[in-house]
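Listed below, chain by chain, are the residues.
Number of protein chains: 2
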Amino acid sequence: MAKKFADLVARRSPESQARVEALHQKLRAQMPLHELRQAQALSQDTLARTLHVNQAAISKMERRTDMYISTLRNYIRAMGGELEIIATFPEGQVKIENFAN
Amino acid sequence: MAKKFADLVARRSPESQARVEALHQKLRAQMPLHELRQAQALSQDTLARTLHVNQAAISKMERRTDMYISTLRNYIRAMGGELEIIATFPEGQVKIENFAN
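Chains as they are written, first to last, in numbering that gives the first Met the number 0: chain L, 0 to 100; chain C, 0 to 100.
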């Protein structure tokens, strides 16, 4: 099993592997949005173009401590990710589906 | 290990065990907010009192498809849970920390 996974990894480009490694080191660690963007090797300009806003809007968004879930989802999607909203209880975790779209 | 966990579970009340089981069946399944509240055996009235709003406000909130992250966090905390914001990428998952408070 481990060998097969290693083969899969080896077939990726060095840049992709480096990004994967950086992400794995942070896996399940907390990270602010701007660090996540940098880990994906994306600039504020690139993200701004994807979201049809200007760079200043991205800069402002990354400093916010509260925002609409839809705004956050669009930002994460522009980086190639998917937003998941999880409620954690002593008994376990539940994914909240109200905001799926 | 398995035996010790079973002992821990057995020490809980039957009501608590039933709730745990219901939650486990839904574990990592998607669930809307009102179902999660019902799984915790909480009424809209109870939650409204905890959040210092009226029952109609809870009803309205549970039908929304978008809201501020802080609003959702307060709702989940009122049920005894914690909100987690996760960005999922092909390479792995990252917890977003901008909104921790």
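No lab work stands behind these hints, which were simulated from the structure alone. You may find that some hints are simply not true.
Put simply, identical chains are the same to the list, so a pair is met inside one copy or across any two.
[Unchecked claim] In silico SDA-like pairs for lysine to any residue, Cα to Cα no more than 20 Å straight-line:
hint, residue 1, residue 2
1, K94, T45
2, K59, E90
3, K94, A55
4, K94, A40
5, K59, P31
6, K59, G91
Comparing the hints with the structure gives:
no.	hint	in the structure
1	K94 to T45	neither (30 Å within a copy, 22 Å between copies)
2	K59 to E90	neither (37 Å within a copy, 27 Å between copies)
3	K94 to A55	neither (32 Å within a copy, 24 Å between copies)
4	K94 to A40	between (28 Å within a copy, 18 Å between copies)
5	K59 to P31	within (13 Å within a copy, 31 Å between copies)
6	K59 to G91	neither (35 Å within a copy, 26 Å between copies)
The structure is inconsistent with the numbered hints 1, 2, 3, 6, although it conforms to all the rest.
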